[in-house]
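Participant: What follows is the residue order along each chain.
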Amino acid sequence: KQEVTQIPAALSVPEGENLVLNCSFTDSAIYNLQWFRQDPGKGLTSLLLIQSSQREQTSGRLNASLDKSSGRSTLYIAASQPGDSATYLCAVGPMNTGFQKLVFGTGTRLLVSP
Amino acid sequence: EAGVAQSPRYKIIEKRQSVAFWCNPISGHATLYWYQQILGQGPKLLIQFQNNGVVDDSQLPKDRFSAERLKGVDSTLKIQPAKLEDSAVYLCASSWDRDEQYFGPGTRLTVT
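First to last, the protein sequences are chains A and B. First residue of the first sequence? That's 942 in this note's numbering, and the numbers climb one at a time after it. First residue of the second sequence? That's 58 in this note's numbering, and the numbers climb one at a time after it.
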């Protein structure tokens, strides 16, 4: 059974810092990995999708990497801003199912202070 | 492009009552998902549709939860009767096949 862990559970940084959020998964047979952002009381916003054949994806100040063999992914946020404050969720799509059944971690709650 | 729509946004009911949630996916998305997110946890998949057929409902408490997707577009999720532990945010998502999933704003359910 796939399990996804995110460390740290919470992170507080001053504005302008670069930061790394970690995601680990127990079964390396994944189809893809997706990073989401969730603001309080809101739904999930997709940030980056990495296919199993890819090593990384970039969007603006965000960079996500994937190391399937070690069961790890990282989300790098450059030059953090107060607007980045949110919960960040990692989710993996297992290879051995016919459809995209995402398994989520519990998230990292990020607070960026001005 | 319009996003995933859900209603209602909030619902408060007493235990043993029934409740229904509605979802309208992004136009053209064949796959629709319902997730349950309990406070402090990541979303958990309840049921997944491909067009109007169920492809995974292994984590759906079938004694009280039911879902349907008529004509392969809109979907409803029903809980009857509700329990206190059903208090959660119910998220609907859609995707084009096994592609990136797009989520709606969710329905926050409180069972008292």
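For the record, the hints were derived by calculation from the structure and aren't laboratory data. Since the model is a prediction, treat every value here as computed from it, not as a measurement. Honestly, I wouldn't trust all of these hints.
Said to hold, decoys possible - Simulated pairs of lysine-lysine, DSS-like, Cα-Cα distance not exceeding 30 Å: (1) Lys1009(A) - Lys128(B); (2) Lys135(B) - Lys101(B); (3) Lys983(A) - Lys128(B).
Claimed, not checked - According to the in silico footprint, chain A covers these stretches of chain B (three or more CB under 8 Å from chain A): (4) 97-110; (5) 160-167.
Said to hold, decoys possible - Quick partial rundown of chain A residues pointing at chain B, CB under 10 Å, derived from the structure: (6) Gly984; (7) Leu990; (8) Ser994; (9) Leu1043.
The C-beta atom is built at its ideal place from N, Cα and C for all residues, glycine as well.
Participant: Can you tell me if the segment 160-167 of chain B counts as covered by chain A, using C-beta to C-beta distances under 8 Å and a minimum of three residues?
Facilitator: holds (count 5)
Participant: Given serine 994(A) as an interface hint, is its Cβ closer than 10 Å to any Cβ of chain B?
Facilitator: Hint on serine 994(A): violated, closest Cβ of chain B at ~14 Å, above 10 Å.
Participant: Measure nothing beyond the straight line between the CA atoms of lysine 1009(A) and lysine 128(B); if it is 30 Å or shorter, mark the hint as holding.
Facilitator: Distance of about 38 Å is beyond 30 Å: violated.
Participant: Can the hint on leucine 990(A) be confirmed by a CB-to-CB distance to chain B that is less than 10 Å?
Facilitator: holds, 5 Å
Participant: Is it true that the CA of lysine 983(A) sits at most 30 Å from the CA of lysine 128(B)?
Facilitator: holds, 28 Å
Participant: Take the shortest C-beta to C-beta distance between glycine 984(A) and chain B; is it under 10 Å?
Facilitator: Glycine 984(A) check passes; min Cβ-Cβ to chain B is 4 Å, inside 10 Å.
Participant: Can you verify the interface hint for leucine 1043(A): is its Cβ closer than 10 Å to any Cβ in chain B?
Facilitator: holds, 7 Å
Participant: Does lysine 101(B) lie within 30 Å of lysine 135(B) when you go C-alpha to C-alpha?
Facilitator: The given pair, whose Cα atoms are some 16 Å apart, holds under the 30 Å limit.
Participant: Verify the coverage statement for the segment 97-110 of chain B against chain A, using a C-beta to C-beta distance below 8 Å and requiring 3 or more qualifying residues.
Facilitator: With 8 residues closer than 8 Å to chain A, the segment 97-110 of chain B meets the three-residue bar; holds.
In summary, the structure is inconsistent with hints 1, 8 from the numbered list given earlier, while agreeing with the others.
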